[in-house]
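Novice: Based on the sequences and whatever the hints tell you, model everything.
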Amino acid sequence: MMRRWGALAANLLAFLLILGPIAIVVLVSFSPGDFFAFPPRGLSLRWFREFFALPSMRGAFLLSLEIALGASVVSTVLGTLASLFLARRRGAVVSLLNGLFLSPLVFPTIIIGVALLLAFRRVGMPILPGLVCAHVLIGTPYCIRSILTSLQGFDVSLEEAGQSLGASPVRTFFLITLPLIRPGLLCGWLFAFIVSFGELNTALFLTGPGVTTLPIEIFAYLQFQGSQLVIAAASTLQICLIMVLVLSIERLVGLTNIVR
Amino acid sequence: MPSSCAADPQGGVRKPSPRGRFWLSAGSSAWILVAPPVLYFLAFFVVPLLYLFFVSLHVPSQTELYGSRVTLDNYLRVATDSFYLRIIRRTLVAGLAVSGLTLLIAYPVALAMVRMPARRRSLLLMLLLFPLMVSNVIRAYGWIAILGRRGVVNNLLRDAGLVQAPLPLLYSVETVVVGLLTILLPYMIVCLVNALLTIDRSLEEAAQSLGAGPLRTFFHVTLPLSTPGIASGLLLVFLLTLSAYVTVQLLGGPQSKMLVSLVYDGVMSFVWPRAAALAFILLGISLTITTLMLRVLRPQRVEGRG
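Chains as they are written, first to last, in our numbering: chain A, -1 to 258; chain B, 452 to 757.
Please note: incorrect hints may appear among the correct ones.
[Said to hold, decoys possible] Some, not all, of what chain B presents toward chain A, calculated at C-beta under 8 Å:
| no. | residue |
| --- | --- |
| 1 | 508 |
| 2 | 516 |
| 3 | 526 |
| 4 | 581 |
In short, the hints are calculated from the structure, not lab data. Think of the CB as a built atom: it goes at the ideal place given N, C-alpha and C, for glycine as much as any other residue.
Specialist: Structure (structure tokens):
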């Protein structure tokens, strides 16, 4: 009995610590007053209107969306190519490449940011393409992990059947392989999109005047203008977007297989 | 694709194996497929890191990215300056506190989740996964909304008439630790749940039927068998703590800078070689911690037995 209560208390504490701050941000963003008040006195969409009235915030939001869309698609293509190779071959090269492809997951991303900034300075890379390239790099490992998982239960004989019936390799890929790994592909894309949409540590260095993503804009705003409720509205928008995406992908393929 | 047979790495005169005939498993075409991601990672990951290291070995320059003279000064300065050393020590202490506390909180949670029915467990895991998708800047802002001068806590205390002036709850190392703890807790729980799920329940039952109490069973069976999860959780949390600049900056303020803040400040002051050296010191610390943790916990003991 004691143990059950202990476990329940630990669970409650953990989930409160994890979800509490996010819930408070969402609640506060609907408050009508000028200042932070909790619990909020009444409901209003005032701060959402203010968010879209600020050109810098609106611009950052749209740019974040565009970059996340573009970068996650490129990540998924690169990730598919890499996963097909990693899943079907054995040997030292494969484990070496596996390590290389997955290392950005645990590598201190701030170092990647500094390294890319310096390299881009050296070769004179413009800001926007540089930022997108960094986001692609950060997103690709997530795609690879997800696609690799769906390739592990893959029956290669299906592809052989397609080819023995006269389909070209490309046709086999699009008619057989692709539909079968679609859940992994979608989950990978979703992760790459979300990671790009919230990316901080590389974007911190690679954004520039006029080219700012939403998280960086929020960060700058918090640092220089104090915590205002428009930030809460921006956060709620970001959270809603993620929720819609997650739920629609969950509808399509079921997310439970990517939790691990 | 008749040529793929000859390109089969096993080679030899044998009838074409089904695997060898398939285009993606075949020699040369597979290399063409994997070339784009490999080139991408070389161009945007490996080469920039090598260049960063190269720059860290040069003297700073006013006009160029780095001066022409090769030196180890950038590293030596950090290793001998008490300002840098104090911040490095603070970074390590905070990292250890965050990873230790997440482990302590996450373990009972993970244990409880493993014993739940699978449906409820995956629901809770989804609930844990969601915060990981929310940008860290928003999750840090959540703590500002709770602990700030006009935050939840100060509002409640003022309304209850307990304080006159708002308490300064933000901008300390402790706040950073609490913030990072909550941001990184889901990673630890997921790692532990995955490890605990692979443990064969009959081992625990065997220990109990041989007369071990629940505590003894836990410390002699469950805990040792979950070391792979503990190791990967601790590593993930510690490494993410090391590069969490935005959280440190927003919750710690200028008084509780960490190593990652020094890297950022170095870049912003355009002293590239020093920033590069600091980045590599950060990398060195993460590699050292990784090696130490794997040495101490030795997760491969468990994994080797499958």
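Novice: How about residue 581 (chain B): closest beta carbon in chain A under 8 Å, or not?
Specialist: Status holds, d = 7 Å.
Novice: Does the closest beta carbon of chain A sit nearer than 8 Å to the beta carbon of residue 516 (chain B)?
Specialist: Residue 516 (chain B) check passes; min Cβ-Cβ to chain A is 6 Å, inside 8 Å.
Novice: Mind checking the CB of residue 508 (chain B) against every CB in chain A and telling me if the closest is under 8 Å?
Specialist: With Cβ-Cβ at 13 Å, over 8 Å, it is violated.
Novice: Does the nearest C-beta of chain A fall within a distance shorter than 8 Å of the C-beta of residue 526 (chain B)?
Specialist: violated, 15 Å
Consistency with the previously given hints fails for numbers 1, 3, ordered from lowest to highest.
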